Amino acid sequence: MPLLQAENINKNYSGHQALTDVNLSIEEGKVFGLLGPNGAGKTTFIRIINQITGPDSGKILLNGQALKPEDIYRIGYLPEERGLYPKMKVGEQAIYLAQLKGLDKHTAIKRLKPWFDKFELMPWWNKNLNELSKGMQQKVQFISTVLHEPELLIFDEPFSGFDPINTNLLKQEILNLRDKGATIIFSTHNMASVEEVCDDIALFNKSKKIIEGGVQEIRRSHRSNVYNVSYLGDLNGFAETNKGLFEVLSQETTEWENKITLKTRTADKDNELLKTLMKEVEITAFEEHMPSMNEIFVSLVENANS
Amino acid sequence: MGGVMVIPAWLASRDSTDTKMVAVCDHSGLVHHKLNNNKTVQYTEIETSLENEYKNNLEAKGFFAIVIIPTDVKESSQIDVYGIKQINIDVKENINWQVNQILEKDKLKAIYAEANIPDLEQRIADTKTRVKVNTYKVGKETSKTGEPQAEASSTEATMVIAYATGFIIYMFIFMYGGMVMRGVVEEKQNRIVEVIISSVKPVQLMMGKIIGLVAVGLTQVGVWIILLSIISSSLPSSNILTAVLSVEMGPVVIGFILYFILGYLLYSSLMAAIASAVDSQEDMQQFMLPVVLPLIIAIMILMNIIKEPDGALAIWTSYIPFLSPVTMMARIPSGIEWYDWAISLSLLILTTLGCIWVAAKIYRTGILMYGKKPSWKEIGKWLKYKG
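Residue numbers (my numbering), protein chains in the order written: chain Z, 1 to 306; chain P, 307 to 693.
Calculated from the structure, these hints are not laboratory results.
Do not take every clue at face value.
To be verified - Derived CB-CB ranges, DEER-like:
| hint | chain 1 | residue 1 | chain 2 | residue 2 | range |
| --- | --- | --- | --- | --- | --- |
| 1 | P | Arg497 | Z | Glu302 | 30 to 40 Å |
| 2 | P | Gly528 | Z | Gly135 | 38 to 48 Å |
| 3 | P | Ile603 | Z | Gly135 | 47 to 57 Å |
| 4 | Z | Pro123 | P | Arg497 | 19 to 29 Å |
| 5 | Z | Tyr73 | P | Gly528 | 43 to 53 Å |
| 6 | Z | Tyr73 | P | Trp663 | 20 to 30 Å |
| 7 | P | Arg497 | Z | Glu257 | 20 to 30 Å |
| 8 | Z | Asn305 | P | Met477 | 49 to 59 Å |
| 9 | P | Gln592 | Z | Gln172 | 47 to 57 Å |
Here the structure is a predicted model, which is why all the values come from computation and not from measurement.
C-beta atoms are modelled at their ideal positions from N, C-alpha and C, and glycine is treated no differently.
Bound conformation, chain P alone (with noise of 0.2 Å):
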């Protein structure tokens, strides 16, 4: 699993192997031996005079791309590039920096003669500064000095870990509200529930499975924290290390579980629903959007509310129940109030208990109707019948 989250993520900071040929006929005597081969770009320059003949035999003599520099390009700031296909965004780039770079200095050059200052050059460079700027929380209590207690606290290893531990959640969702899913289709496509539900009750045939899986979602989750401690401790300390550990780690945790359970808890019965309701998987899906939207909406604002976690969208949709399982761990590990818990778990813990009830009571009549895919009209009308 940890697979789906690593692959896309290293083919996305690969560079592309293949180096492109690109050839430049520089007009304005510029850029002259200043362009910088990389693994992306390799340029050759070549004699104004061949502009044509290169331009119109690009691929024949193994060039991927020309740039034409204009004679005027300090004053138009406009270079042409033609390629035998579309110019990809590297390459684009790269030529774009590489000729503003020597443009700028070109530039300078001309001030720093006419300024007539010793090394201007050189204090100019050292003016570029870069400040390391060190966070920290403030307590609430003060220390017995009088100085408020402050701990040192990163704001990167806070947004990994909101980030993360949100997705885990949205992710393990989706999956074990999944194979519950799968579960009652499959029941209801073998006919075996009516025999067991002979015996046992309907909503105990469901609880009995939503409860199941998600004993398998906590042993999975045990494996990886006792995984990860393990792996830590046993790591020389680094910066990130120290970074991540800066983040008070027992709310996370308790966060973690209780908002995986109590999540899971409302969408896996809500799934289980669904699928009691209908024949096939195919049939699914149209029931299947309209509940799991509020899941993707949050994932989608997720991001947006580590950025601010204690703005207002971030305060709101950590109280709407069915947002608050992944917004909330976003907001967790950068410190909420107890207040927040209160709102957000209550509100959860009374929607997931009413989302079981009903699920139930659809669960109960959709497990045992055949033939046709009911509307939501007539799902609504389960909710009526009587045991």
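Isolated chain Z (complex conformation) (with noise of 0.2 Å):
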């Protein structure tokens, strides 16, 4: 069942069309990624369910239900911009967001010590938030987003601002959360990221989303037949007599063997197309070429604003 659900939510500032007749589904206990370039809505998305700010029509519904005040306490938000008080004790500040999130202080308190022993923050718990490093007062902001324990959690460009051990350590802190039954939506220009944490994808492009589904999904139904192919010996004359059946991409020669990417012409068979090439030479490799979640973007976007 799923987690969230928007329908047909629209949304205008004066003039400008932020969000066109958008429908989501979020399914409970995965990571949700949401894409998209600049200004195509995303953040307008996550102030909507956030309730910072509200859609002009269609509606929102948690588990079922339409979004009520109260469901603030169930979401955990890191807005992209983000900030703390810099004149305010770490320790004070962490509890402070944590009472504005419905818990007492006796249970932030005890949260938040195995967080902070976590991420090292310990011996900085008295200190000024501006004498600690960035990296690490992004640190002080991400538990202060999980701390209450949200069944959603919305992470709006996790990663900017961290070193990559750092972006490393929060990767499997999100994907911990997840396994321990959160569902998290995650927007980000960052495509490596996305394959590898998120499960499902959204695509937003100027107002509108353009795709949606799962990671893998989406990778196969863009496939476009091309092969990378590794061999030993000549090739050469049988791709100029084969030009009807397929284009060569890219041809390479190393010093043990020859590789070449090759777009079929036909919706072949993987196995039409090995048989073919293992009649000419000796294959060491075969491997159908999945399109990126980068290319994916890319040419969605391009296509979309053509």
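Taking the hints as your guide, dock the two standalone chains into a single complex.
Next up, the structure:
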């Protein structure tokens, strides 16, 4: 059952259409990637879920029921534009933010301790926030987002401002949270992280959702009959005579093997192509090229804009 | 903060410390030995023949200025002063006043001599009279004896209280309104605001800030009132104290607290809205002026109202919501009618509620707008956005 459903969401800011008829369904216990170029409407959509702003029409259902003001306690939100009070003590601030999300002080402290230990922030508990490095401030912010153990977590560009080591740490924590049962909405431009982290995605462009589905499913459906082949021997003559069957996209010769990238003109079966090639040369590796999310993202957005 | 009011007043009331040396060249012989020295000016008479020598070497001879009194001063009523620098007002007035006195006396002397009345000079001096005006306020009810109830009152104390309370409200609105504004801009610049408003409603955040700061302000006022009452009760009874206490303090205190809270809510909510719409303290100036202009006008006309607390200007401005927090305080100490309270307060309360509503709408949208400075027109559009 979907945890969150959006039905025909429209939002207009004085003449600027931010969202047009957006329908979405986010499954419970999955990491859902919200992708799209700048200004596509992702942040507006996230703000509507957080009830920071309301839709002009349409509705959001959480567990099948229309959003209520109390639902904010079931959501954890890490905005893209984020910050904390620079002159407030780290611990005090974390407790304050937890209290805003409905935790009492005692529970907040009890839950903060393990997180602070894990992220090595304990020595900074009584320091002012502006004494911390940017990365550490982001960790405090992350902890504040997840501390009230919400069912739905929303991360808007969570990795901006993190070094690669901390990015991995954070990625791991996000997956841990999912494994513990949280549903996660993940908005980003970083396509590599989408493949690693997301189960499902939706792609937004110019206020509209243009695609939605599982990451593997989408990649599979965007296959374009391109194959990477490594072989021993000579294929030049064969390629020349079979121009009608396939197109050579690139060719490379190394010391111990040759590589070729082919695009078949007919939607051929993998085995058929392999059989044909096997007759000519000795195959050392054969793989269908799966488009990366990055390629799909770029081509879809370009198609939509042209 | 008291220093802000006291120091300029103290500086203004101080006499300048260095004494100016002034040479006097008296061709008429009238002024001879009659000029008195004081802290500001010290006079030295010189030989009339040396006039030009002194005039040309003033600085070398250690003088600041030279006064030339012509022979026909009584007829022409003109004297000349040459100085090494611009003659300042203290020196000029001192010379002017002293020479006037001397010439007047001289003219009077001639009249006394002519009239030939014994002790005329003394008798005329005795005609100078100073009458003390005791002021009373007549009550509405008459006492059992049939005489109207009248209380001793003090015009001066009433004026001082009127000015002080009006000014303090003006200052507090600026001070605490400014704090609200800085808080809002800081939260927007730190970008913490989106984190907070995903937990509380924007209007709650705004009102929380405004109410929190007014609580600080009222605590401060409370401390002042307690301190003042301790000081005044421990002081020996004096004229000033009796004068101040002759003003009915109940309405003043109630009025002060009501008009301070309402005026502050009115202005600080608008200031919060403005602060939410801009990205930086610098951009704020442009939007600030139209908002605080009425407050500045109120403080400018405050003195006129105090002089005539029942005049048309006073009555009308004490009804206008954006002015009344300051102007009403100028009227309360001299006593106002119940309908003055009713009209002024109800208009102010309605306007304040309206402004908070408008401010909340602007704030909610403005706080998440980054990048460009909005125009008034755009801010107007924000009012129509759906929550």
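The hints, checked one at a time:
1. Arg497/P - Glu302/Z: 30 to 40 Å: Since the Cβ atoms of Arg497/P and Glu302/Z sit about 32 Å apart, the hinted range of 30 to 40 Å holds.
2. Gly528/P - Gly135/Z: 38 to 48 Å: holds (46 Å)
3. Ile603/P - Gly135/Z: 47 to 57 Å: Since the Cβ atoms of Ile603/P and Gly135/Z sit about 52 Å apart, the hinted range of 47 to 57 Å holds.
4. Pro123/Z - Arg497/P: 19 to 29 Å: holds (25 Å)
5. Tyr73/Z - Gly528/P: 43 to 53 Å: This hint is violated: roughly 37 Å between Cβ atoms.
6. Tyr73/Z - Trp663/P: 20 to 30 Å: holds (27 Å)
7. Arg497/P - Glu257/Z: 20 to 30 Å: violated (53 Å)
8. Asn305/Z - Met477/P: 49 to 59 Å: Taking Cβ atoms as reference, Asn305/Z and Met477/P lie about 57 Å apart, which means the hint holds.
9. Gln592/P - Gln172/Z: 47 to 57 Å: holds (49 Å)
Hint violations for this structure: numbers 5, 7, all remaining hints satisfied.
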